[in-house]
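Trainee: Residues per chain, in single letters:
There are 2 protein chains.
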Amino acid sequence: MSKVFVNIGLSLDGYLAPEGMNMDDPGYKNWGEKWGALMAWLLNQEYMRKKLDFGPGGETGPVNEMVRHTFERTGANIMGKRMFDQGEVSWPEEAPFHTPVYVLTHEKREPWVRPGGTTFYFVNEGPERALALAREAAEDRDIRISGGADVIQQYLSLNAIDELEIALAPVLFGGGRRLFENLREPVPQFRIDTTLDGQDATHLRYIRK
Amino acid sequence: MSKVFVNIGLSLDGYLAPEGMNMDDPGYKNWGEKWGALMAWLLNQEYMRKKLDFGPGGETGPVNEMVRHTFERTGANIMGKRMFDQGEVSWPEEAPFHTPVYVLTHEKREPWVRPGGTTFYFVNEGPERALALAREAAEDRDIRISGGADVIQQYLSLNAIDELEIALAPVLFGGGRRLFENLREPVPQFRIDTTLDGQDATHLRYIRK
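Those protein sequences? They're chains A and B, same order as listed. If you use my numbering, the first sequence corresponds to residues 1 to 209, in order. If you use my numbering, the second sequence corresponds to residues 1 to 209, in order.
It is possible that part of the hints are untrue.
Note that identical chains are pooled: a pair holds if it fits in a single copy or bridges any two copies.
[Said to hold, decoys possible] DMTMM-like cross-link-like pairs, simulated, lysine to aspartate or glutamate; straight-line CA separation at most 25 Å:
id: 1; residue 1: 209; residue 2: 19
id: 2; residue 1: 50; residue 2: 136
id: 3; residue 1: 81; residue 2: 59
id: 4; residue 1: 108; residue 2: 125
id: 5; residue 1: 50; residue 2: 19
id: 6; residue 1: 81; residue 2: 110
id: 7; residue 1: 29; residue 2: 46
id: 8; residue 1: 108; residue 2: 197
id: 9; residue 1: 50; residue 2: 162
id: 10; residue 1: 29; residue 2: 85
id: 11; residue 1: 108; residue 2: 46
id: 12; residue 1: 50; residue 2: 139
id: 13; residue 1: 209; residue 2: 94
id: 14; residue 1: 108; residue 2: 181
id: 15; residue 1: 50; residue 2: 193
id: 16; residue 1: 51; residue 2: 125
id: 17; residue 1: 3; residue 2: 24
id: 18; residue 1: 3; residue 2: 59
id: 19; residue 1: 209; residue 2: 33
Rather than coming from a laboratory, the hints here were simulated on the basis of the structure.
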């Protein structure tokens, strides 16, 4: 059966995004540099550079293979409305998912088909319904809970996350959007699976007990 | 010169202690099991079992050596008043530090000498003064900022932490006392030094840039 997984970059102090991350005020609490430190591990990989048309070069080691595997295993994505809204104005025409994407929202909207295999479906019936749709679409591939924090928290509280993959970057944000908040009791239980060392992040992989 | 370091266990969601950790209500949100999961890596080490009179046995690998090194390198400890108050009623006669311990407090009190080389000094003039006293006492050994969270935060905000050692346990607390909060800008900057894998925790070591 498909696995449900999270693969996300996290600051050492537990944030997915720094406080005040907004193009209108690029100097606010140095957020640009913080965000860059969080994403460095990913943007330095050959696979990602190619995907983003950054030109040749990039790392080709085990982290690169992990990034490739993450994309190739994914048969469906689930995301929140805020993440979709931000992406709608910034993704290229060919949105970088190449799978069905289920967007949790209260908004009613027809599916939005993009070139390259990405179709966004707008789900009004909550996270369990989105997961059921994603399972059907993913077939034997896996389901990525893409974000943001609130959506990951909802699936953690449902104890629906099989694998939690965190790229822990050695940067302190001092504020922002926390990954781990608002968890319901009983909290889900994980065990350590593997650790992969990188220069820009430590890749921590946990599996549900 | 002496290094200033933190060596602390942390839950995957960033807490030093679970919510409601109180002997009066041992069942509250399952705190006992959470705390046990956080401390398992430490209490399973031979060096620690001997120190706590837990009897023979225990792990003797690299994590055990790390624990031994942490104690042996320490020439002075600094802690907050709440940590001291909890310890005062629970440490054995021979308090488990064997160094001078500087307690940050507003209370005026004479030094409290314990058998085995631990003397508690009560410092009313703030964290910088406590650090100066600890440096003098530690001579060529290092200074451990023992906790709690608020004291570690004060030294992080002073950019006085040279080495940050975190035993990240694969347990979610869902609430409690967070390590990383209240940091002042500019936040301190660290780089990854080493990672040591354990079954019960991942040992992350960061060095100030």
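Trainee: Hint compliance check: list the failing hint numbers for this structure, sorted ascending.
Mentor: 2, 3, 5, 7, 8, 9, 11, 12, 13, 14, 15, 16, 17, 18
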